[in-house]
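Engineer: Listed here are the chains, written in short residue letters.
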Amino acid sequence: MLSKRAVSSFVSLLVLIVLVFFLSRLTGDPASLYLPVDASEAMRENFREINGLNDPVLVQFGNYLSDLVRLDFGDSLRKARPAMDVVLEAFVWTLWLAAITMVLVVVAAIVVGSIAAFNVGKPFDRIASVFSLIGASAPDFWIAIVGIVLFSVTLGWLPTSGTGTVWHWVLPIAVLFIRPFGLILQIVRGSMINALGSAYVKTARAKGVKSSPIIFVHTLRNAMLPVITVIGDQAAALLNGAVVVESIFGFPGVGKLMIDSILQRDFNVILAAIMVTAIAIFLMNILIDVAYALLDPCIRT
Amino acid sequence: MADHLLEVRNLSVRFHTAQGVVNAVNGISWHLDKGETLAILGESGSGKSVSASAIMNLIDMPPGEITCGEILFDGIDLLKASVEDRRRLNGKRIAMIFQHPLSHLNPVYPVGWQIAETAMAHGRGKAEAYDRALALMERVGIPNARAAMAKYPHQFSGGQRQRLMIAMALVLKPEILIADEPTTALDVTVQAEVLSLLEELKAETGMGLLMITHDLGVVAEAADRAVVMERGRIVETGTPHELYYNPQHPYTRKLLAAAPGKGEMRSTPAAAAPILRVQDLRKSYGGFQALKGATFDLHAGETLAVVGESGSGKSTIARLILRLEEATAGCVLWQGDDLLTKSPRQMARVRRQLQMVFQDPTQSLNPHMSVFQIISEGWAIHRDIVPKVQWKARVAELLQQVGLEPGHALRVPHQFSGGQRQRIAIARALALEPEVIICDEAVSALDVAIQKQVIDLLGELRNRLGIAFIFIAHDLPLVGDFADRVLVMQAGEIVEQGTVRQIFDAPQQAYTQRLLFAGLDADPDIHATRRSARLAMARG
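From first to last, the protein sequence lines stand for chains L and Z.
Going by UniProt numbering, the first residue of the first sequence is number 1, and it counts up by one from there.
Going by UniProt numbering, the first residue of the second sequence is number 1, and it counts up by one from there.
It should be emphasised that the hints constitute simulated quantities derived from the structure, not laboratory data.
Be a bit skeptical, because a hint or two may be false.
Said to hold, decoys possible - Below, simulated DMTMM-like cross-link-like pairs (lysine to aspartate or glutamate); rule was C-alpha separation at most 20 Å, straight line:
1) Z/LYS292 with Z/GLU128
2) Z/LYS262 with Z/ASP33
3) L/LYS122 with Z/GLU325
4) Z/LYS34 with Z/GLU199
5) L/LYS210 with Z/GLU200
6) Z/LYS254 with Z/ASP447
7) Z/LYS151 with L/ASP55
8) L/LYS210 with Z/ASP85
9) Z/LYS342 with Z/ASP360
10) Z/LYS173 with Z/GLU200
11) L/LYS202 with Z/GLU496
12) Z/LYS262 with Z/ASP525
13) Z/LYS173 with Z/GLU128
14) Z/LYS173 with Z/GLU325
15) L/LYS210 with Z/GLU84
16) Z/LYS262 with Z/ASP280
17) L/LYS202 with Z/ASP85
18) Z/LYS292 with Z/GLU325
19) Z/LYS262 with Z/GLU65
20) Z/LYS202 with Z/GLU65
21) Z/LYS173 with Z/ASP60
22) Z/LYS254 with Z/GLU43
23) L/LYS122 with Z/GLU200
24) L/LYS202 with Z/GLU65
25) L/LYS202 with Z/GLU200
26) L/LYS202 with Z/GLU460
27) L/LYS4 with L/ASP260
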């Protein structure tokens, strides 16, 4: 099962590498970006020769693959360091950002969603639903800009961008939090309403089980099954690098790195970044499967 | 008055729905004594479960509302007691089991824990709770009880799940057990076992048993007294014997008249040439053989019943003949041609002659199509049956034929009752003027009175149009009334076949005999005979 998944993921990764390798080379010649505008043709020729850009594209691809087998991902043109080091450095930032955001999202969505489901139609439920709908549909770049204007520029409470202190994390996390929170809250609420109306809850009540174990023991675990799938999707999206949010806040994560590398035609970094995020998402999906199996005995057997 | 174990006085409950206020029960009163089994008999919608839900505080309010009444237990009125006091009674002194044990057991927890939870919810320690759970699982007859505690509900059979529910209810030796249609979803043989288990447990503990059922047979088998409910009111109370032999209220009489198994059995007409010959039909799913070689003929205009317990391969035969699933081996000769080798295009032409009516019309009719669209859809595919200009008239005619009104054509399925929906499904099948209709448990989900109406309708169509039926059913009395010939199936094999008289009057196979004895009859006297026959078989 797992090995089958690994093989199919590996094949998709290969296809992706081929596509990105050739497509990125269509964006143009790095020499025109890295050398001064008035650089001579000889200098450009020299630059291309050093970086192996003069070979036919297929030969370049062959070289890239043979390096790849030896786990050599090439060097970053921009930073003159191994591309993988550059990517991993950025990825750690993204991983932290995604992990902290997701933990907050999951806890908040489950708590608020469960309470809303238990109070269907009452004010708490209404308010939670309205906010989650706004959150799930508002564009994050807009929220990010409004956040900066309000909290950084007008009120001066938070830094506008960069890293360094805990305060630098607040705005990016808050902005990334909103959409998955709204989405997951809706799923939790719907799923909990379903579970609370289910036959086994009736049985539990007939057994004399108290309200809190009915919610937290009997229904929550059943209601989590559809929620986990959505959590996985959302977490994968964050791991991919929150391109817009990282760029706006100048956050040195893998999303920003990818955009910069594409703009700078730093081919090796683009490829390395794609491989790292793909593997991270693959591992994430396995985690989701494991969680599913732990929660649902029908899948285990 | 105060001597009764439980007494419901003048209880009225109504529900506020989108369609307005529905009075579920209107001023009903009944009582239950220690060691007694009281049955509440009624059709769906009669409000038979409402008083039980009120006792257990399971009515959601809103939309429910208890407008008046008292429920007296142990000197207090439960309806005036606090939520917490009622919780303390639930499961400890009054327990309840339900119709569908699979959905009423929590799918993600081991059954041992779920049974022990009843005790733990009432303050017993974990060790004691698990000991009790184990003892009860052994008592209700779960094999390897200790190992079974760690298993999950989906790993048990339907009958075992109901036994688990019973164990869960009896952990704290309640004084009252409420059983809401406890055997409706079970096979006849399993039903008999579960009912006798309940009877034994009642005798052991002296508890009062409240049995909610739509089945006159269950009343005759299990009840000491019964109340008959119709549309939220109690119309009659009496012992099963009184109710059966001397019913006072017209509704009780109607229910009894509708109970199958009392009509003359049909004598087989002179055998016409077979129109459908099934030969050595087989189906495997992986290593599991669902059908191990079925061979039988269907003659023009005849009704062939297929009976057996769930999992015996009854429905598989229907699905293979119609090629809703592909057979593993064998052949199905329809007018001399093998259906199983036909191309999809050829098969499509044959399909109009072989129609099917499924068990659950709620699921088998598209909820977004009007009755007109549902019935006429086949004509758009088989264009030679009815020219388009006559569709409207023909739909109206068909609706009348099945006892509905032409004006119903523009409605959608959810606007009809279950029985009406099944009529629509039958009209849909008839629209294609088939020679064979396969009914897969087509009346099993219907109330007994409606079931009789649908069966009468099918019988009439059979006489008038000469349609042959393959009638898959688990209800033997019904088969006795309706069929010409019977196939008895067990574990994927046809163990016995013959005319309805041969099977019912002189069954050859032990399995057939067991099925027949396990069937519940509305007549309490017939019951006593069957029960002793069953016991004799169990001993022998």
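Engineer: Does each hint fit the structure? Answer for all of them.
Structural biologist: Hints, verified against the model:
no., hint, result
1, Z/LYS292 with Z/GLU128, "48 Å, violated"
2, Z/LYS262 with Z/ASP33, "33 Å, violated"
3, L/LYS122 with Z/GLU325, "49 Å, violated"
4, Z/LYS34 with Z/GLU199, "14 Å, holds"
5, L/LYS210 with Z/GLU200, "31 Å, violated"
6, Z/LYS254 with Z/ASP447, "12 Å, holds"
7, Z/LYS151 with L/ASP55, "64 Å, violated"
8, L/LYS210 with Z/ASP85, "11 Å, holds"
9, Z/LYS342 with Z/ASP360, "29 Å, violated"
10, Z/LYS173 with Z/GLU200, "14 Å, holds"
11, L/LYS202 with Z/GLU496, "43 Å, violated"
12, Z/LYS262 with Z/ASP525, "14 Å, holds"
13, Z/LYS173 with Z/GLU128, "14 Å, holds"
14, Z/LYS173 with Z/GLU325, "48 Å, violated"
15, L/LYS210 with Z/GLU84, "9 Å, holds"
16, Z/LYS262 with Z/ASP280, "35 Å, violated"
17, L/LYS202 with Z/ASP85, "17 Å, holds"
18, Z/LYS292 with Z/GLU325, "15 Å, holds"
19, Z/LYS262 with Z/GLU65, "41 Å, violated"
20, Z/LYS202 with Z/GLU65, "33 Å, violated"
21, Z/LYS173 with Z/ASP60, "27 Å, violated"
22, Z/LYS254 with Z/GLU43, "12 Å, holds"
23, L/LYS122 with Z/GLU200, "48 Å, violated"
24, L/LYS202 with Z/GLU65, "18 Å, holds"
25, L/LYS202 with Z/GLU200, "26 Å, violated"
26, L/LYS202 with Z/GLU460, "43 Å, violated"
27, L/LYS4 with L/ASP260, "35 Å, violated"
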